[in-house]
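The listed protein sequences correspond, in order, to chains L and Y.
Numbered by the working numbering, the letters in the first sequence go through residues 992 to 1101 in order.
Numbered by the working numbering, the letters in the second sequence go through residues 98 to 269 in order.
Quick caveat, the hints were computed from the structure, so don't treat them as lab data.
Since this is a predicted model, take the numbers as computed values, not measurements.
There may be inaccurate statements among the hints.
[Claimed, not checked] Only pairs whose alpha carbons sit at most 35 Å apart, straight line, appear in this in silico DSBU-like list of lysine-lysine:
| id | chain 1 | residue 1 | chain 2 | residue 2 |
| --- | --- | --- | --- | --- |
| 1 | L | 1016 | Y | 135 |
| 2 | L | 1052 | Y | 168 |
| 3 | L | 1025 | Y | 179 |
| 4 | L | 1041 | Y | 135 |
| 5 | Y | 154 | L | 1038 |
| 6 | Y | 135 | L | 1021 |
| 7 | Y | 179 | L | 1027 |
| 8 | L | 1055 | Y | 154 |
This is what each chain is made of:
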Amino acid sequence: MLKHLELLVALQDLDVMITDIDEVKKIGFKVAGKEKLEEARSELVRKLSKPLLYNYENLTKRYKRAIVPVKDDICLGCFMRIPTSLITRGRSDQEVINCEGCGRVLYWYD
Amino acid sequence: MQVVWGNKNHAKEGKDKQMEVKDLLDYFSQDLFVSKLKATTKDASLDELADLFVKSKIIRKKSIVLEMLRKRETLGSTGIGKGVAIPHGRTTAAMDVKIAFGKSEEGMNFDSIDKKPVNLVFMVLAPPHDENNRYLPILGKLVEVLSDLKNRNKLKKVKTFDEFIQVFNGVE
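Isolated chain Y (complex conformation) (with noise of 0.2 Å):
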């Protein structure tokens, strides 16, 4: 099947200014970032990665937020291919837009696109009334650069939060 890579112009839709690559790492935080995935699964996966959100006080109510998840899954997996998927949905479980990061070695079934195994999984959880209307253009952006053959290959292999940062610093 033809893996359709997101539409480059959506990542500059925000509201006040154009989403530069830079500015995903506010989202980005040493708490929510796993270098090595327990989870083998999709739904562990999602559970693992929502875990992340409760343990750095961004959500209280894990079920709520596996519940908008999941729900969003039965409308097609998240799983874009090439070894990628990105959970995500505005909640009123969450107080602020923010992207979990985990990185699985061996892969695993997220049902994508291409029917291959999925190794980098990033959650991205938004609170319904964001009003700056990042969370689109994160997506976006996100999407962006994971098209890049070389960025994913670059963060297929890092082990530390520091390194996972470099590589979108490096993103031309």
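Excised from the complex, chain L in its bound form (with noise of 0.2 Å):
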């Protein structure tokens, strides 16, 4: 089963999904209809809780991506240094933490 920010994940990489797939047909590759696409968004937004749905939509109005990379403990939407409290918080996956500065959520490469 996946975790809050697994399933967090999945919903960008959903949206970014239904955002090139015109694109991706034009090189020729084989693409269903979108409409397959936004069941399975359908489908995983069910699965998530309606804060954590509410936030990602609020942030997606406001950044191009809701969820964004942590590199060297640097947030990559805002270059903001995340706290120390947070980091080892953040590295377990445990929990979705939002970056203090921009609100963006986090996403741990290393």
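Reassemble the complex: the two chains are provided individually, in unrelated frames, and hints are given to aid placement.
Pasting the structure below:
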């Protein structure tokens, strides 16, 4: 079972896929209609808690991407250093951490 | 079924400059090369190639990437025919654009559009925040290179990463 953060990441990946679908089709790949992806999105959304989804949807209105990478403990959305207290919690993937600077959801690569 | 190969112009639509075949070389690496895939099924090959990304520390969580790739496959197989598959996607889990390559001697069922077994698998992963917009031109250029029978035949024979790079270096 996917954890909350993984569900959010899957949602963002799906949203990116929906955006790319027409371009990918032009390259020559066989791609079914967007409806299939929209269905998958609805299914994923049902698994997310309301506050997390609300947070994600709000962030996507403000920013191009709601979830951004953290590299060398820097949020690559606003380039603010992440406080040490959040780093251990963030790396564990056990909870969804928002950047204290820009509010985006943080995803650790290392 | 008619195999529709890529729109050549698409490979030229980079934001900053036209993508050349040699530009693809930046996205390959020895760590992301397998001359003999162990996998004999589509799903196992996705898993095996995704593993290379984890081992090379390009991604941390394989499950996220596999979720995205499998979802992509449900939309239509990335087996584009003529023994080639290019599973691809942008994922939050990837830090940079990279291409893994795996070769299957026997070929495997990839639900390809021409129903033929796949020998050459290129997995392209990119981050959603790829500001230079390299992902789609890379996909386009790969499709263009692989649409040439000569290139496919050469790739089917490669045994080492150097030989693999030489094929791309030799593309006219």
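Each hint tested on the structure:
1. With a C-alpha separation of about 30 Å, the suggested pair residue 1016 (chain L) and residue 135 (chain Y) falls inside the 35 Å cut-off, and the hint holds.
2. Note on residue 1052 (chain L) and residue 168 (chain Y): the hinted pairing holds, with a Cα-Cα distance of about 25 Å set against a maximum of 35 Å.
3. The hinted pair formed by residue 1025 (chain L) and residue 179 (chain Y) meets the criterion: a straight-line CA distance of about 26 Å does not exceed 35 Å.
4. In summary, the hint linking residue 1041 (chain L) to residue 135 (chain Y) is not supported, as the alpha carbons are separated by about 42 Å, beyond the 35 Å threshold.
5. As the CA atoms of residue 154 (chain Y) and residue 1038 (chain L) are separated by approximately 29 Å, the hinted pair is consistent with the 35 Å bound.
6. Between residue 135 (chain Y) and residue 1021 (chain L) the CA atoms are separated by roughly 26 Å; this keeps the pair inside 35 Å, and the hint holds.
7. For the suggested pair residue 179 (chain Y) and residue 1027 (chain L), the alpha carbons sit about 26 Å apart, so the restraint of at most 35 Å is met.
8. In summary, the hint linking residue 1055 (chain L) to residue 154 (chain Y) is supported, as the alpha carbons are separated by about 26 Å, within the 35 Å threshold.
Comparing the model with each earlier hint shows a violation of hint 4 alone; every other hint is respected.
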